[in-house]
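Numbers in this note's numbering are just positions in the sequence shown, counted from 1, shifted up by 1315.
Keep in mind that the hints were calculated from the coordinates and are not lab data.
Some hints could be false.
Said to hold, decoys possible - So the derived label-pair ranges between C-beta atoms look like this:
#: 1; residue 1: T1548; residue 2: M1488; range: 44 to 52 Å
#: 2; residue 1: Y1328; residue 2: H1461; range: 18 to 26 Å
#: 3; residue 1: K1390; residue 2: R1510; range: 21 to 29 Å
#: 4; residue 1: D1420; residue 2: N1353; range: 21 to 29 Å
#: 5; residue 1: K1391; residue 2: M1316; range: 14 to 22 Å
#: 6; residue 1: P1623; residue 2: I1526; range: 51 to 59 Å
The beta-carbon is built from N, C-alpha and C at its ideal position, and this holds for glycine as well.
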Amino acid sequence: MSFTSETKQQICYEKLDEKSGRAQLCALLQMRASLHMNWQGMYLSFQIENATIAKHVFQLMKSLYQVDPRLSVLKKMQLKKNNIYRLQVYEKTKEILSDLMILTDTGLHFSPPAVYTRSQTNARAYLQGCFLAGGSINDPKTTNYHLEIATHEEQMAKGIQKLMQRFYLPAKMIVRKNTYVVYLKAGDKIADFLRLCNASQALFDFEDSRIQRDFYNNLKRLDNCELANEMKTLKAAQEQLNYIEVLEKNARKIKISEKIRHVMEIRKRFPEANMNELCEQCYLEYGEIISKSGMKHRLNKIKELAKPLMEEEHA
1316 MSFTSETKQQ ICYEKLDEKS GRAQLCALLQ MRASLHMNWQ GMYLSFQIEN
1366 ATIAKHVFQL MKSLYQVDPR LSVLKKMQLK KNNIYRLQVY EKTKEILSDL
1416 MILTDTGLHF SPPAVYTRSQ TNARAYLQGC FLAGGSINDP KTTNYHLEIA
1466 THEEQMAKGI QKLMQRFYLP AKMIVRKNTY VVYLKAGDKI ADFLRLCNAS
1516 QALFDFEDSR IQRDFYNNLK RLDNCELANE MKTLKAAQEQ LNYIEVLEKN
1566 ARKIKISEKI RHVMEIRKRF PEANMNELCE QCYLEYGEII SKSGMKHRLN
1616 KIKELAKPLM EEEHA
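Using the sequences and the hints given, assemble the complete structure.
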């Protein structure tokens, strides 16, 4: 089961009071339902590929409006050939849509009704319904954090975006193949959305994976940084050894102080040592306390002495 399916399953199992149930059902129908007419009159059709959500909608309809939706299972003939669960409501259709503020005297509405999103609890339930009907979330173990809710209605998408921003979720909206997508990219904000939806186990799994992933990324970054520093140290050390070799070949031509000779000997004995280690070895071998900047100065002095001699050799 995908991370999205697990999250939706957890949302479906949450107990709702009557008003929250209506708010959630309102979002589900706005996102997924279609209105039809036949010789019997008006009827409502809701279809989805997730069996748990279909069962959840069935139970909401039955408990809130005492109707008995007709359930049918269709086989998708393209791509993965998944089952499609269709619920059809032939009774109280107008009453249900009117009560949910989807159908009024001015027609069908696809924006979050104020009556069902005024309170924080109902607004949460409404967003839960939106996610159940058209939401998806990347598995936190993958490379990118991404949560989105897709709808064919621009008005609906703008309403969802506004609701999410009300909960300090900086949702953005794009148009993708005639579909309006409201999305979040930041890992901490996706975690906040899961918390808002009361998907506790999904939130725990998401945060656990996110912490592990961020830890390993930081560790890898540190390892890369250390490796780069080590390579830099080795390269500098090799150059210093080359300068020392030139000075030793031309020892009769130049005068080298005792302190510089100490550094030359230490560098030769510890070719892979960094600055701090060279300072420490200098103290252990010669009892000489030298700072990092002092060691750097002496190594630069070795370079200054060797450069002219190297130029003479290549002249």
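To see whether the hints hold, each was checked on the structure:
no., hint, in the structure
1, T1548 x M1488: 44 to 52 Å, "50 Å, holds"
2, Y1328 x H1461: 18 to 26 Å, "24 Å, holds"
3, K1390 x R1510: 21 to 29 Å, "37 Å, violated"
4, D1420 x N1353: 21 to 29 Å, "23 Å, holds"
5, K1391 x M1316: 14 to 22 Å, "18 Å, holds"
6, P1623 x I1526: 51 to 59 Å, "57 Å, holds"
Checked against the numbered hints given earlier, this structure breaks only hint 3.
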